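Chains as they are written, first to last, in the working numbering: chain A, 866 to 1306; chain B, 3 to 339.
Check each hint, because a few of them may be wrong.
What the hints assert, rightly or not - Between beta-carbon pairs, the in silico distance windows are:
id, chain 1, residue 1, chain 2, residue 2, range
1, B, 222, A, 1302, 27 to 33 angstroms
2, B, 305, A, 1090, 57 to 63 angstroms
3, B, 138, A, 1059, 20 to 26 angstroms
4, A, 1137, B, 38, 29 to 35 angstroms
5, A, 1054, B, 93, 24 to 30 angstroms
6, A, 1041, B, 223, 53 to 59 angstroms
7, B, 292, A, 1159, 42 to 48 angstroms
8, B, 45, A, 1262, 47 to 53 angstroms
What the hints assert, rightly or not - Covered by chain A, according to a simulated footprint, are these stretches of chain B (three or more residues, beta-carbon under 8 angstroms):
id, stretch
9, 107–118
10, 162–172
Unchecked claim - A few chain A positions that, by computed beta-carbon distances, are all more than 12 angstroms from chain B:
id, residue
11, 943
12, 981
13, 1003
14, 1007
15, 1043
16, 1070
17, 1087
18, 1160
19, 1260
20, 1264
21, 1303
Because the hints were derived from the structure by calculation, they are not lab data. Just so it is clear, the structure is predicted and the values come from calculations on it, not from any experiment. The beta carbon of each residue, even a glycine, is placed where N, CA and C say it ideally should be.
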Amino acid sequence: MTDLLIRGARLLGDRTADVLVADGRIVEIASDSPIDAAAVAGRSVETIDADGLVLLPGLVDVHTHLREPGREDAETIASGTRAAAVGGFTAVLAMANTSPVTDTAEAAERILDLGARTGLCDVHPIGAVTHGLEGQQLAELGLMHRSRAAVRVFSDDGRCVADSRVMRRALEYVRSFGGVVSQHAQDPSLAGPSACCHEGEISGRLGLPGWPPVAESSIIARDAMLAAHTNSRVHVAHVTTAEGLEVVRWAKAKGIALTAEATPHHLFLTTEELLGYDPDYKVNPPLRPQEDVDAIRAGLLDGTIDVVATDHAPHARQDKEHAFVDAAFGVLGLETSLAVISDVFVRTEQMTWRDVARVMSQAPARLAGLTDHGGDLAVGEAANLVLIDPDATLTVDRSASQSYSRNNPWHGRSFRGTVHTTILRGTTTAQNGAPCDLTRV
Amino acid sequence: MTTPTDTSAEVATGAPPLSMPKHLLSIADLDLPALRALLDTASQMQDVQRREVKKVPTLRGRTIVNLFFEDSTRTRSSFEIAGKWLSADVINVSAKGSSTSKGESLRDTAQTIAAMGVDAIVIRHSASGAAHQVAGWVDAHIVNAGDGTHEHPTQALLDAYTMEHAFGGSVEGRHVAIVGDLTHSRVVRSNLLALAKLGARVTLVAPHTLMPSGIGEWAQTDGFALATDLDEVIASGPDALMMLRVQRERMSGGFFPTPREYTVHYGLTRDRLATAAAANADLVICHPGPMNRGLEIAPEAADAAQSRVLDQVAAGVAVRMSVLYHLLTTGGLEMTA
């Protein structure tokens, strides 16, 4: 196996060092004197000149839709992991709302295996909370956990586990093996069946049915109390509202085992985007007004939000070319999330690269129980790494995406801070926007 | 026969060229001169409507498709008559059932129709924004004949036309109360925009459950009033009462307890008609139809001398002729057969 020498990168954005990788692990970090590639006896060494680049642990996404099995026209595990590698990810958690639903051990193991076959990014299945995502009967949570896939995160994402009794039982049940329920917090009974956007002045003017913020905050409040009651862990997927964030803050202050995530699109795009009725901005939960975006940003900065997750949700073109209320929900995110977070928070000096490592790698890895990811860049750790060019600009071109889908709300926008190289266990998986062909390795 | 010299004469007098949009998707697309032109031309079209021989050659050789994803006998017939009286070839296409995520995509449906070479597509869809989206996908002129709960611009034009004629020429300074299911009404959204441009004072009357989200901020920005008590509004002597249709299925959706309770609070009953007529001698009653007699409007009110419901229907053809004329031609109104 070829060793990898990363020369002159700024580790976590701070000190400059050379990092030597062998057999998929970090074997040496030298900040005082450079590592001499020629001195690594008897091995071939590939050197990456990382002058001016920032080295972080590989990114981890706890919220990805890979569409396989079922909608391979929109995305496959192969195409999705190409997008993930290009986006700097070394591990992604694949949501359960495929067809069939990931609600059995066999379905979970199949996703694990398909992910392993691509070799570009680790893929860990998320298990459904309820059978068929129907919200009624618990899925085989324990069997999924005992399977080779070792499922630890469960979610009916796309749907809220709305029934309080079911949510209580799920939390009680996963507690014994350290599982966590990731909740799509949105009370379906507080909106009509065709709700498709934020309920507010813009939806009123556009004549679109919406979800009120209370549909989110009330479920977060209920789940926080259920987590406290069951002494179990709940994770709130994609928090989007200021009032939902307030409830998260309150629950954490009470010591309740609750974590929360935010997506790049909810940290950047607002309800105003809907004025043109473009379904590429139709997402669930919906884009919110600027006040909410500002609140979620503040929540990420003060630690109320633990992780950034993409909610990468590819859709075949025909599923987005309907009238707004009829079109599918979701936006692409894997290839752009680092650039968006970098541009919004690092460029403006509100976050350090160490903060980015925390919210996009370390905290997500901890949440998912992935011990090989989200490290501190120390000798002995698995070499799951990402090199970032903090000064390069990404101008998003949806046709250049690795995803099979084109529902890209970032198209035409520019962000500073791009993924330069992604490294999975010592192997380069993507470089400068292109995935590596690992069949050559 | 009038000729294009009419247009050049206008230009010669120094009048600014009219900026008519390519599509009529929303009343917001129209500036005041364009809105004024549509209403004024409608008046000429109404003269045509009153002739024995109603056909004029203006749109001869043009093809208009009425693409209706939702049933609507009156709006479709009105557009059909309008197009035919202007000598256009009018084809009705019912796309009902394809307006869901399961069927052909809206884009494919629209592009298929447009590829046949049509000049204009008049589109009715149960989804808000559908006409807007289609306008981005095809080259033909798009006329929004009602999109979901968003807008119904030609309805607002015919309402404005009817009220202007009832009030002797202008709605400026007149008080118009619009009563009923505001949340689900495309009529009210278009009317708010049109009446504001024409200088009318508007009060919207509904229970809070039937008011669109964010209507408070909206009312402040756009300068209209909100009320929940219809009797108070009627006592203030409005010039026009526009009663919106209340769909019976809304009654079971938790928006209102029962039809009876709705009528007691928000119906234009015999008693309210008497009070309103006493408070304003020039009272005008409008309803976009189809009416639920006995629910939002008592038969005595629907058929009262103050009712302009049938005038509205007649005006509908005239304003639609005007819209098609203005969108599809660049001037030179040929008014003789």
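How the hints compare with the structure:
For residue 222 of chain B paired with residue 1302 of chain A, a C-beta distance near 59 angstroms fails the hint of 27 to 33 angstroms. For residue 305 of chain B and residue 1090 of chain A, the Cβ-Cβ distance of about 58 angstroms falls inside the hinted range of 57 to 63 angstroms, so the restraint holds. At roughly 22 angstroms, the beta carbons of residue 138 of chain B and residue 1059 of chain A sit within the given window of 20 to 26 angstroms. Between residue 1137 of chain A and residue 38 of chain B, the C-beta spacing of about 30 angstroms keeps the proposed range 29 to 35 angstroms intact.
At about 44 angstroms, the CB distance of residue 1054 of chain A to residue 93 of chain B disagrees with the hint of 24 to 30 angstroms. Checked against the given bound of 53 to 59 angstroms, the beta carbons of residue 1041 of chain A and residue 223 of chain B, roughly 55 angstroms apart, stay inside it. Distance hint check for residue 292 of chain B and residue 1159 of chain A: the Cβ-Cβ separation is about 46 angstroms, which falls inside the suggested range of 42 to 48 angstroms. For residue 45 of chain B paired with residue 1262 of chain A, a C-beta distance near 52 angstroms keeps the hint of 47 to 53 angstroms intact.
Residues of the stretch 107–118 of chain B lying with their CB closer than 8 angstroms to a CB of chain A number 4, which satisfies the three-residue condition for coverage. For the stretch 162–172 of chain B, the proposed coverage by chain A is not satisfied: 0 residues have a C-beta within less than 8 angstroms of a C-beta in that chain, short of the threshold of three. Distance check for residue 943 of chain A against chain B: the nearest CB is about 26 angstroms away, which clears 12 angstroms, and the non-interface claim stands. Even its closest Cβ contact with chain B, about 34 angstroms, leaves residue 981 of chain A beyond 12 angstroms, as expected for a residue assigned away from the interface.
Non-interface call for residue 1003 of chain A relative to chain B: holds, since the shortest CB-CB distance, roughly 30 angstroms, exceeds 12 angstroms. Even its closest Cβ contact with chain B, about 36 angstroms, leaves residue 1007 of chain A beyond 12 angstroms, as expected for a residue assigned away from the interface. For residue 1043 of chain A, the shortest C-beta to C-beta distance to chain B comes to about 39 angstroms, beyond the 12 angstroms cut-off, and the non-interface label holds. A beta-carbon of chain B is positioned within 12 angstroms of the beta-carbon of residue 1070 of chain A; the least distance is around 6 angstroms.
No beta-carbon of chain B is positioned within 12 angstroms of the beta-carbon of residue 1087 of chain A; the least distance is around 21 angstroms. Distance to chain B confirms residue 1160 of chain A as a non-interface residue, since its nearest Cβ pair spans about 18 angstroms, more than 12 angstroms. Even its closest Cβ contact with chain B, about 23 angstroms, leaves residue 1260 of chain A beyond 12 angstroms, as expected for a residue assigned away from the interface. With a least CB separation of 18 angstroms from chain B, residue 1264 of chain A remains clear of the 12 angstroms interface cut-off, as annotated.
For residue 1303 of chain A, the shortest C-beta to C-beta distance to chain B comes to about 36 angstroms, beyond the 12 angstroms cut-off, and the non-interface label holds.
Violated hints, listed in ascending order, are 1, 5, 10, 16; each of the other numbered hints is respected by the structure.
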